[in-house]
Amino acid sequence: MSKTSAPAAPKTGHARILGRLKRERSLWAISAVALVWVAIFCYGPLYGLLYSFFDYRPGLNLWDCEFVGLKYFQEFFLLPDFTKILRNTLVISGLNLTIVFIAPVIFALLLNELHHSGFKRTVQTISYLPYFVSMVVVASIMNTLLSSNGTINELLMALGFIESPIAFLNEPDLFWGIMTVTNIWKGIGWSAIIYISAITGVDGELYQAGAVDGLGRFGMVWHITIPGILPTVVLLFILGVGNLLNTGYEYQLLLGTPMTRDVYEVIDTYVYRYGVQMGRYPFATAVGLIKSVIGFILVILSNLASRKVTGMSIM
Amino acid sequence: MKTKEKAHLAPYQKPTFSGRVFDVINIVFMLVFAFCMLYPFWNQLVISLNEGTDTNYGGLYFWPRQWTLANYAYIFEKGNLGKGALISVLRVVVGTSTTLFCSGLLAYVTTVRGFSGRRFMRIVYLITMYFGGGMIPTYLLMVNLGLLNTFTVYWLPGLFSAYYMMLIASYIYGLPESLMESARIDGAGEMRIYFQIILPLCVPVLAAIGIMAAVGHWNSWFDVMVYNPKGEWDTLQAYLRRILTEATMASQLLNDQQQQEAMRKLTTSSIRAATTMVVTIPIVCVYPFFQRYFISGMTIGAVKG
Amino acid sequence: MKKTHWHRLLSLLLAGALTFSLVACSGGEGGEESTGGDTTTSGTESTGGEGGEETPASDLVAPSETVGEVNEWGYDPTVETLEIDVYAGIGDQSTFELDEEGGKAVMDQWLLDNLNVVINQTYSSNDTTEQLNMMLASNDYPAVLTNVPDTMANTFAAQGRAINLTGYVEEYGDNITRRMGDYLNMLRDADGQLYKLATLWGSTPNVAGYDFGIRYDYWLELGEDEIYETPEEYYETLKAVIANHPTNDNGDKTYGVTGTNASGDQGMTMMNAMLGAYGFVSGYKVGDDGSFTHWVNTEEGREAALLLNKMYREGLIDPDYLNTTYEDYITKLTTGQVIGNLGTWWYAWTGGHETWSVSEGDAYDINKRFMNVSCHAPDVAMEDTTLLTSNFLGSYRCVVTDKCENPADIMRYLNWENSELGNMIVGWGAPSETNNWNIDADGNWIVSDDIMNVSQKNLYYHLTKEQNGGMLYVLSAAGGWLKDDDLSDFDKIDPRVDRVSIYDYWPVDPETGAFSDEGVNICWMNYTAPAFDTTLYSVTFDPNEPISQTNQTVTDTISTYLANIVTASSEEAASAAFDEAAASLGSLGIADLEAFYAESYAANSEQMAG
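Quick mapping for you: the protein sequence lines, in order, are chains V, X and E.
When the letters of the first sequence are read in order and numbered with my numbering, they come out as residues 1428 to 1742.
When the letters of the second sequence are read in order and numbered with my numbering, they come out as residues 460 to 764.
When the letters of the third sequence are read in order and numbered with my numbering, they come out as residues 69 to 678.
Any given hint could be a false lead.
What the hints assert, rightly or not - If you anchor each label on the Cβ, the simulated ranges turn out as follows:
(1) 1467(V) x 681(X): 19 to 27 Å
(2) 1582(V) x 560(X): 13 to 21 Å
(3) 520(X) x 673(E): 54 to 62 Å
(4) 1467(V) x 677(E): 55 to 63 Å
Read the hints as simulated data drawn from the structure, not as lab findings.
We treat Cβ as the ideally placed atom computed from N, Cα and C, and that holds for glycine.
Modelling step: build the complete structure from the supplied sequences, incorporating the hints.
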């Protein structure tokens, strides 16, 4: 996290620049390699964004395709279900950016409070297991657990909470909740890795100093550990904000039903069906570009906000 | 390397009543939590150890009903798992080491105070996190670079990662600037500062990113399928993915008879579960290996001490 | 501080400049060689390449030198080995290669020895359409594409990448023209040119289609004299069986029928089965005047949907019918949790007696099975139902691309595949002592005794077929019933089997024609619906036309409305939901879709006539 950069600014003009380049030549050498790579692999394919302005068909040259301007962008904004899709996208990624985002931080902190290192490592290893279970398998397990004669319903009925089974997966009111729980479950251990490593990086002397100052156990966490990992948390949050409109589609396609379509249909599922599956590349590209631009603007804005509030910035 | 266990803050504080209550709650929570995390995996293990036809009767939760190792025998007899495993391991080793090296170096470059290209590099890479050209241009790029049906296509396109760069850089910012300053005053070159001072301090974050990269490489199947149409460099994960999505693909066949034929050949869920186990267990074991680098105290304390 | 801002602005500008310079520089597409000047859309139906590219018979590439003698397999091999590169759609290339020592080796060797042909076939693991689009973009595809969706075949034709086969078929494709008859016309484009063939064509040999199945042993318990005939009677019967068996052996509550969560199903299969009993085609009521009316706009549709609702309300439909995977569906049938099957007939076989006969061994009782039953609506005769449909042209196409050096050679091979003998060989593997079939001294096609036992089909028939490379290379051949009729000559097939296709066969008593397996007879004795030819009703949606989006929207929306209707808490609520569905689909342009179906049907009929 850069706070300020204030190189000593000497002398004048070309001499200054040349001198500087000479001093930084090894840094520039590394940068040059990285720039060549990024130019080829990341910026090279960006010409594909132009597809969104043409009636592009794979196999035809772009200049042979009809220029249609903003037709496909318009199509996106004029979708009959546009408001619903946008609402669902914002709600789902809002949940991802809050609850799903913060859970691994809390988990990492709790894990750090375990004394027995064997237990701690075991829990840590187990916690990331769900990350390896393919969504296809997760979906089939969820179907079994949440079906009308599934474990959850049987448990609730045995405990007398409900009289007849709840159709969990067909209940629109429950969809977002179940999806959030699943996302937490699947990602918590995985996302916690980086925080666990960040906690490790907190200067040990700070704790000693804290003990001298008479900080209690919770005080240590609040005043030392959390500030220690805050830069990482802020960084990941800002990067995550850029993905506000990306919610993925695998979960919805596997676990959505016609009865929950009103709440699960998001931009990504829509683009998958109407863009990718139908082979309508210009439309898929146009929506992708809209999402990129909005995402990038959000990153810049949240970075500005972060700089104002916390003094931390990612650029 | 000195390894002071910072994990326990015990040496610095007296146990209190509220602390003890918290510990108990925390342990209980972690046990329940671990169960929830472990169960699906356990369930797959149970199914994989159960006889295939019997599995069709459902109701398998905690223990196999008709114990057998036949499912494992079957997938090993089929034979292409060995080669797939080799390629997967190779991919993880090559992919992880190259991306750690390159992204680490790039991260360092973007943290050197006073380097004129610092912000430029960060922004150039930040943009790549949100903008992409899409599937077809990327495919054409791989075709034009001659990367189709090669092993290179697994690691070269992931050589530098903006995400890893950001994470490592944020860690380096947390290090005391005085260390690098004093090295510069001693006349050390930038490369030497990176390899001799920064790198040893960055072990925890590099370990974390090492896990991420290794798992990412092990788990990826999309690039295998798209850029390796001939299947010469098929990884384990591609193999698993095909088995897992067999039923979905069969259900998408428009021709009823082709569909029936595909469904008839469907792999049993026991064999699918066995494959899931064989493909997943090796990579799960990577974590404990990296975990030992998550030891505090050795970072700042070690250097200063 | 100002300076920092300035720096950032500069960096952003630089980054932007970098982006745009790259955008400007790159732009080269793979398709420079594309000859298709036709950049406009390919139209809805099969409008292919432009008229100027027609290949008059005289312009045909001459076939390579041949041995000059038609051999015992009905093929005149080329002197030089004919290599055919094929992309065959979705599949697992690695398993295919592994098959090197199995059926693939046997078939490869046979083709080389007898026809002097080598087939280099590739599959892709990702979606066929996506793979074909990438092939188009990179201009990298083999000489022959098969298992290609109709729209993609049209795209290849429109871009001038598919070879005009009209002349070649006339010259070298006598088996194709003879056996496909007028149906071949439907593959032609607006100018009568032929740019695609059907991958698997022919009328379906299935004995059953959509069925109103039930557990036979449970039905016997009811002691009824006659089988139910209408959907309403089916409902009554299910209800009676459930009353007898409220729970299965595991103690789970039982249900009459269920569905799967596959994207095309989610309740639609049940509804389509119901509509089949009313004689609807693809969910549309077809008027005598050739008009199409979607089921939401018909009284029959309302009746069928309300019956499903009644079944749901009375606990006959599994409440999890929207989120049951195919495998869970099978499990539910196997464990007796679901005792009927409203939809695809063979699910009930897979989950029923095919599993039980293996797992229960000697204790298995032949009556423990699902019976496939056909039903008709009260006002519709069984002859007018559309439960058992068959599309002669299938859903996939075979295209010969501009990468092909000698289309004449390829066509000669495809023609051999379409000969009766060739068809059987690509389907079942070459005849031999060790295969499921052989040719005796009189030229009769004798099947092995092993395969007369239907319950062991997987063990004998399918395994042997695989080991002989059956169905490995089907570029374009009949996938339907290899029937002896006006067009094809299959009278040499062993009379002990009937309904032979490249997929399957059924042992019969040569005298009576009844299935020789008693269980099979039970399964099918009450399936009396006739086959209905849907070829003329097939519709191809061009993804770039607005109508295809309307179709997708309607498909998405209708499944939600159907779920609302079926799960409604009362008949009034269900009826209200039905009205709402009709109104909503009306605003989404269902009238356009109805018109489009009608137009397609009219166009198909006209095309078929030639």
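Inset, instruction - Note whether the CB distance of residue 1582(V) and residue 560(X) lies within 13 to 21 Å or breaks it. - result: Given a distance of about 50 Å, which is not inside 13 to 21 Å, the answer is violated.
Inset, instruction - Evaluate the given range 55 to 63 Å for the C-beta pair formed by residue 1467(V) and residue 677(E). - result: The hinted range 55 to 63 Å holds for residue 1467(V) and residue 677(E), with Cβ atoms some 56 Å apart.
Legend entry - Supplied distance hint 54 to 62 Å, evaluated on CB atoms of residue 520(X) and residue 673(E): holds, 57 Å
Legend entry - CB-CB spacing for residue 681(X) and residue 1467(V) relative to the 19 to 27 Å hint: holds, 20 Å
Hint check: a violation occurs at hint 2 only; the rest are consistent with the structure.
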